[in-house]
Amino acid sequence: MAEEYHILTKNWGKPDSHKMATYLESGGYEAAKKALGMEPGDVCQTVLDAGLRGRGGAGFPTGRKWTFMPKDDRPRYLCVNADEGEPGTFKDRDIMRFDPHMLVEGIIIACWGMQACAAYVYIRGEFVEPAQRVQDAIDEAYAKGFLGEDIFGKGYKLDVYTHLGAGAYVCGEETALINSLEGKKGQPRIRPPFPPQRGAFDMPTTVNNVESIAATPFIIANGPEAYKKWGTEKSAGTKLFCVSGHVKKPGVYEIPLGTPMMELIDKHCGGMLDDMKLKAVIPGGSSTPILRAEECEGVNMDYESIAAAGSMLGSGAMIVIGEGTCMVTTLDVLTHFYAHESCGQCTPCREGTGWMAQITGRIVKGEGSVEDLDLLISIATNMSGNTICPLADAAAGPVKSFIPKFRDEFETYIRERSSRNERPYPVKWRK
Amino acid sequence: MGLEFSERAKGEFEKVLSKYPTREAAILPSLYIAQREFGHVSLEAMETVAEMIGVSPARIYGVATFYTMYNKEKVGKYLVQVCCNISCALMGAEEVIDYISEKLGIKAGETTADGKFTLMRVECLGACGNAPMMQINDDYYENLTPEKVDEILDKLGADD
Ligand SMILES: Cc1cc2nc3c(=O)[nH]c(=O)nc-3n(C[C@H](O)[C@H](O)[C@H](O)COP(=O)(O)O)c2cc1C
Ligand code: SF4
Ligand code: FES
Chain A
1 MAEEYHILTK NWGKPDSHKM ATYLESGGYE AAKKALGMEP GDVCQTVLDA
51 GLRGRGGAGF PTGRKWTFMP KDDRPRYLCV NADEGEPGTF KDRDIMRFDP
101 HMLVEGIIIA CWGMQACAAY VYIRGEFVEP AQRVQDAIDE AYAKGFLGED
151 IFGKGYKLDV YTHLGAGAYV CGEETALINS LEGKKGQPRI RPPFPPQRGA
201 FDMPTTVNNV ESIAATPFII ANGPEAYKKW GTEKSAGTKL FCVSGHVKKP
251 GVYEIPLGTP MMELIDKHCG GMLDDMKLKA VIPGGSSTPI LRAEECEGVN
301 MDYESIAAAG SMLGSGAMIV IGEGTCMVTT LDVLTHFYAH ESCGQCTPCR
351 EGTGWMAQIT GRIVKGEGSV EDLDLLISIA TNMSGNTICP LADAAAGPVK
401 SFIPKFRDEF ETYIRERSSR NERPYPVKWR K
Chain B
1 MGLEFSERAK GEFEKVLSKY PTREAAILPS LYIAQREFGH VSLEAMETVA
51 EMIGVSPARI YGVATFYTMY NKEKVGKYLV QVCCNISCAL MGAEEVIDYI
101 SEKLGIKAGE TTADGKFTLM RVECLGACGN APMMQINDDY YENLTPEKVD
151 EILDKLGADD
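Chains as they are written, first to last, in my numbering: chain A, 1 to 431; chain B, 1 to 160.
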């Protein structure tokens with residue numbers, strides 16, 4: 001059911017929504033044509049005026065980011081971040097599967113705005129089907145003359161390539177992504193230099209999330225005001241929210257930023273699974289601080305409202321947790337994830353993530369002590385802020401929020417030496 | 001040199017080289033080509049890639065071991081990877097692992113005696129809205145139920 005505010009998802013569900021013919025029927029590539037008739041600076045300004053903020057997690061204004069590219073005569077690159085590894089996040093996969101041409105058109109717009117000569121779409125290696133869809137869309141665009149030499153007869157040359165990752169969450173971090181593109185280990189780089197100064201192949205580079213780029217054709221076609229019609233003053237437009245966990249209808253929902261969280265859960269997602277009670281929500285991907293059910297009251301799905309509640313909108317990955325879920329086991333899943341994914345360059349991150357996983361592991365087995373909880377908080381506090389990339393902070397986030405917010409549950413678990421024998425989740429895997 | 005790319009793989013390699021301004025950027029795609037050619041990325045396969053790119057084998061070894069999708073050891077014909085991260089865990093991923101373990105008679109990390117299936121626990125695969133889920137070779141299988149798992153594994157188990 002298409003709503004008026006469906007910008008990114010307007011073609012999803014159409015037959016062959018991933019094909020050029022379908023995309024052209026709905027006015028596809030008109031925005032790219034229009035952009036190439038504009039001054040590159042005006043393209044950046046239009047995106048800035050629309051208030052589009054980066055959808056990869058940090059929420060930095062996209063149009064502003066584009067203006068950081070130096071205007072010298074070195075080749076410039078756009079890297080599109082399709083690594084989508086933050087647990088709970090599954091939106092870029094659907095953009096790539098269902099409307100890859102919207103992404104390709106956005107790439108043309110972004111590259112013209114920055115006067116880039118090539119774009120690399122860095123896609124996580126497991127996404128074989130989405131990567132194929134993007135590659136097919138690129139091939140179709142070349143065949144039409146929308147990519148390659150002399151695009152739309154404007155004398156502009158642009159090449160677009162896909163590049164597959166190979167299984168490393170940290171490669172979603174922009175400088176790790178660049179290293180990985182260059183054929184190196186995906187380890188983040190020390191900044192400065194920042195990618196616009198020295199990025200991919202030592203050249204000026206901008207890294208943007210798939211969803212950020214896919215939003216630009218609408219903005220160029222309809223103008224900033226049309227985009228700002230949706231959302232709030234500081235969180236303009238619509239956003240894809242990935243809802244997973246204990247709701248009746250999990251999935252990707254495009255809604256205006258600022259929509260109440262409870263409306264997303266109750267109306268769009270059909271309410272809680274098995275009508276269980278809401279226990280907690282992780283609003284923006286696994287690294288964002290967890291909110292207890294009562295903290296979710298009155299929260300809206302925009303950057304400011306979620307920040308005011310003490311968490312982050314992040315990548316828009318909302319993990320809904322029902323009553324009956326064991327928070328000790330759930331935290332243990334996350335600490336092990338971050339320990340597995342630390343690239344190991346920084347001692348606080350490498351040691352801290354490993355140590356936290358070890359401690360939550362022993363607590364889960366019934367071998368922990370109450371002092372372990374304070375130890376965990378202290379490790380988490382000390383490891384963040386002193387590292388090359390924010391993965392250490394991401395790993396610290398869940399520990400620093402789960403334990404204080406569910407302290408009683410953790411203490412009871414430790415005291416009563418519960419173990420995995422008890423079902424940690426209220427859902428039985430069946431049906 | 002122990003291993004050599006087939007003509008087809010050499011063609012793929014040349015195509016990959018043309019995508020990047022440096023030869024080294026072709027390392028990740030070349031390791032995939034090697035994996036498809038030789039089944040897994042052995043030390044010999046790494047040497048072949050090193051020679052083709054023109055870097056030291058140590059450089060390739062460093063990259064190949066950093067990334068989890070390059071299988072340094074032989075794996076079964078079907079690599080069954082069950083996501084056990086948060087959204088899948090909430091929906092019963094541990095039970096999926098237990099179920100498949102019992103069905104195939106192997107623990108996570110092991111390969112069946114006939115070399116057909118390898119079972120692995122993996123981190124989030126970016127399909128959390130359709131939990132629990134698993135990936136077998138290139139394909140995703142989502143919203144798993146015991147019946148679905150039976151159907152998928154029985155079908156793969158029956159072919160040769
Ligand atoms: C550990 C880590 C993992 C990340 N993973 C992703 C990712 O999978 N996709 C993404 O777009 N951004 C990811 N980011 C954020 C990127 O570094 C970068 O900020 C983003 O791609 C910028 O795009 P945007 O400005 O369009 O949001 C990650 C950051 C960190 C620290
Ligand atoms: S913070 Fe962790 S993941 Fe990031 S560079 Fe340091 S060790 Fe690597
Ligand atoms: S948590 Fe299983 S696919 Fe994301």
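What the hints contain is simulated information worked out from the structure, not anything from laboratory work.
Model, not experiment: these values are computed from the prediction.
Hints should not be assumed to be uniformly reliable.
[What the hints assert, rightly or not] As a list, the in silico DSS-like pairs of lysine-lysine whose alpha-carbon atoms are at most 27 Å apart: (1) B:Lys15 with A:Lys248; (2) A:Lys144 with B:Lys15; (3) B:Lys15 with A:Lys428; (4) B:Lys19 with A:Lys19.
Evaluated hints:
1. For a cut-off of 27 Å, the pair hint linking Lys15 of chain B to Lys248 of chain A is broken: about 46 Å separates their Cα positions.
2. At roughly 21 Å between alpha-carbon atoms, Lys144 of chain A and Lys15 of chain B fall within 27 Å of each other, so this suggested pair holds.
3. About 48 Å separates the Cα atoms of Lys15 of chain B and Lys428 of chain A, which puts this hinted pair outside 27 Å; it is violated.
4. Restraint check: the Cα-Cα separation between Lys19 of chain B and Lys19 of chain A comes to about 23 Å, which is no more than 27 Å; the hinted pair holds.
Consistency with the previously given hints fails for numbers 1, 3, ordered from lowest to highest.
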